[in-house]
Amino acid sequence: MDKGKRFDTIRARIKENFVLSQDKIYADKNRLDISVSKQRTPAILFFCKEQLGFIHLMHVGIVDWIEDGTLELVFMLWSPTEKLRVYIRTRLNRENPVMENMDMIWPQLNTYEREFKEMYGIDFKGLIAAEEFLLEDWDGPPPMLRDFDTEAYAQEVFHTRPGREDAQDVREAIIKRSQEEIPDFAKKYSRQ
Amino acid sequence: MQNDSRSQKIVDIIQAYARRHSLWILAYGTGCGAIEIPSTMTSRYDAERLGVRGAATPRQADVLLITGYLTVKTLKRVIRVYEQMQSPKYVIGFGSCAINGGMYWDSYNTIKMLDQYIPVDVYISGCMPRPEAVLSGFGKLQDLIKAGVADGPKRYEENFDWYRANQKKIIKNWNFADYNW
Amino acid sequence: MEILQYIFGGIITFLLAFVVGMTFGGTRRKIIARIQNRYGPPIYQNFIDAFKLFSKTSAVHHGAMHYMGPAFLMVSSVVSLMFIPILRDGGWFPNLNFHGDLIFLLYMMVFGSLGMALGAGQTGNPNSAIGVTRGLAQMVGYEIPWIMALVAMMIQFHTTSITGLMDVQLQSGTWNLFASPFAFVAAILASLGMFRYAPFNIVGAPAELASGPASENGGKYLFTMMSSHSVFAFVKLTLFADLFLGGAGNLVELLIKTFLLYMIPVLYGVVNPRYRTEQAVRWFWGWPTVFGIIAIAYAVWST
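Protein chains in written order, with our numbering: chain R, 1 to 192; chain V, 1001 to 1181; chain A, 2001 to 2303.
Don't take every hint at face value.
Claimed, not checked - Anything over 12 Å on all C-beta distances counts as not near chain A; from chain V, calculated:
id, residue
1, Lys1089
2, Ile1099
3, Gly1102
4, Ser1107
Claimed, not checked - Okay, the calculated beta carbon distance ranges per label pair:
id, chain 1, residue 1, chain 2, residue 2, range
5, V, Cys1032, R, Val74, 42 to 50 Å
6, A, Val2290, V, Gly1139, 47 to 55 Å
7, R, Asp137, A, Pro2126, 53 to 61 Å
8, R, Gly140, V, Lys1154, 33 to 41 Å
9, A, Pro2042, R, Asp137, 44 to 52 Å
Source of the hints: derived by calculation from the structure; they are not laboratory data.
Cβ coordinates follow ideal geometry from the N, Cα and C atoms, glycine included.
With the rest of the complex left out, here is chain R (with noise of 0.2 Å):
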């Protein structure tokens, strides 16, 4: 059957069967984005599961839009019968991240939600799980969000071993001892 086709069809019944006045409908080759809000994604994600046979949750990803000062959650939707993907994006305020929590949908959820909860502080209202799950002993902010600088925070809790006086760039010193010239694409990571 063609992609094509079964792509139009599904766009209309989503179209008909929920008010996408503000939302975006989007579709590709492979895959179908539909952009909805934050109230309406349960929804949409138990009418793709019970009425339109995505029935498999690949995947949620998660996208930090500093920017705009938003997350963006994808649910990545899979029909194992007619080999097609749905995409369904929701974006949440940065400040202020709530949720509903949807794991009643696919328990595969729970999983989810608790590594967003401790990554990037999103809060799932309702959601039933422990303290802890990845991150043990951590007191300081979300680490995986976009404004939290690692690197410095790397630097003030752990001991750095001081490097060598006399550290060589590996690639200087293969260049300087076959007397060669350093190509223009690499010269941005020279050290000199």
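Using the hints, position chains V and A against chain R.
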């Protein structure tokens, strides 16, 4: 026997011989370096001919082999394992991650100097060290035992407050269980 | 004077068993290494390991029973050793045998494992508990063909004493290996489980159980366990040589016979992976038990 210096010397020589020719390793293989241990032990490089043999539990082991990076979370377990081992015990830091953090030098949860937290006898450099380098590290450890300078437990005991302070600086929730009952 | 001779002879017997058992263990490691295309450790590697373990500190405290577990193992090995005739004519080696010592030995050989089970239970290590339950299950497996073989011998030769069985072989001029072959086969198959080498090393499986009952024992505890295992291996091999190969007239003959017997579990082990517990029990209740039943029938028929 203990007070007789000459007979004690003979016992020391035999003990040092036995210790350096019977190194039972406990491979703490959380990092990628654990993949080099099977090739070191199996037929091509055969570390067992040097007396190097795998031990199953910390109680039986002599050498703690830290293969690769340690996070704050795994350092907690390593300290626990190290304190459960019976002295004389030795620690080998394995790979550049254990030496200076390696490619995780700017990570928020990877420690960079292992010898700040437990006394390390030998470092094997490389990313990853090949089995030849690992065998060379064991040879270096044997030399250190022969010279009598591989005294990790003694250093740990003498500088215990310094080591504990360093450990507690990054492990904030210090709830260690009792090892003996 | 007699008591002094007993004590002195006992010490000599123990030292002989220790040295021979350790050397056999080292030979086994070398053979395994050669079969795996490795150079392997030297044959005396086990002595180095034992001395190193003895010179380690043993700061492990889990209560009284934990201390006594390895001691029970050692006591069982030494007492079993004292009841085994090392040579046919005794010599320096004391022999505390009496009528019915074969039955006593059956109990004594299990005693050490049970004591170790109690000791391992008190360490609180879950691996130890699993190892103990596996060991007891395996013991239920191999004890049945082993006891069947011994009962067949007892029926056939009307004696329950080891020296009695040795005398029978001396008088008739044939080894029991030929006089009661089915009992020999059943006993040898049971011995594969007694030695706990692969494929029956389910008790101390290092990859699954972290060495099982020994997992909390380091240093001198492990030294005691290791040396008592070596002594016990010698005990079992000498018992097999006495029962089926007519005993030994001198030490060289004893070493050759025990070494050949030792090669059966070793060579069977190096080419086999590890069984699961229920597979091991099913294995012992299969052909070994069938041979045991045939042995009893043969014994009843031939008397």
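Evaluated hints:
1. Lys1089: violated (9 Å)
2. Ile1099: Label holds. Min Cβ-Cβ 28 Å, cutoff 12 Å.
3. Gly1102: Its Cβ never comes within 12 Å of chain A, the nearest being 29 Å, so this holds.
4. Ser1107: The claim holds: V/Ser1107 sits with its nearest Cβ about 30 Å from chain A, beyond 12 Å.
5. V/Cys1032 x R/Val74: 42 to 50 Å: Hint violated: Cβ distance 29 Å, outside 42 to 50 Å.
6. A/Val2290 x V/Gly1139: 47 to 55 Å: holds (53 Å)
7. R/Asp137 x A/Pro2126: 53 to 61 Å: The hint (53 to 61 Å, Cβ to Cβ) is violated, given that R/Asp137 and A/Pro2126 are roughly 26 Å apart.
8. R/Gly140 x V/Lys1154: 33 to 41 Å: holds (36 Å)
9. A/Pro2042 x R/Asp137: 44 to 52 Å: holds (47 Å)
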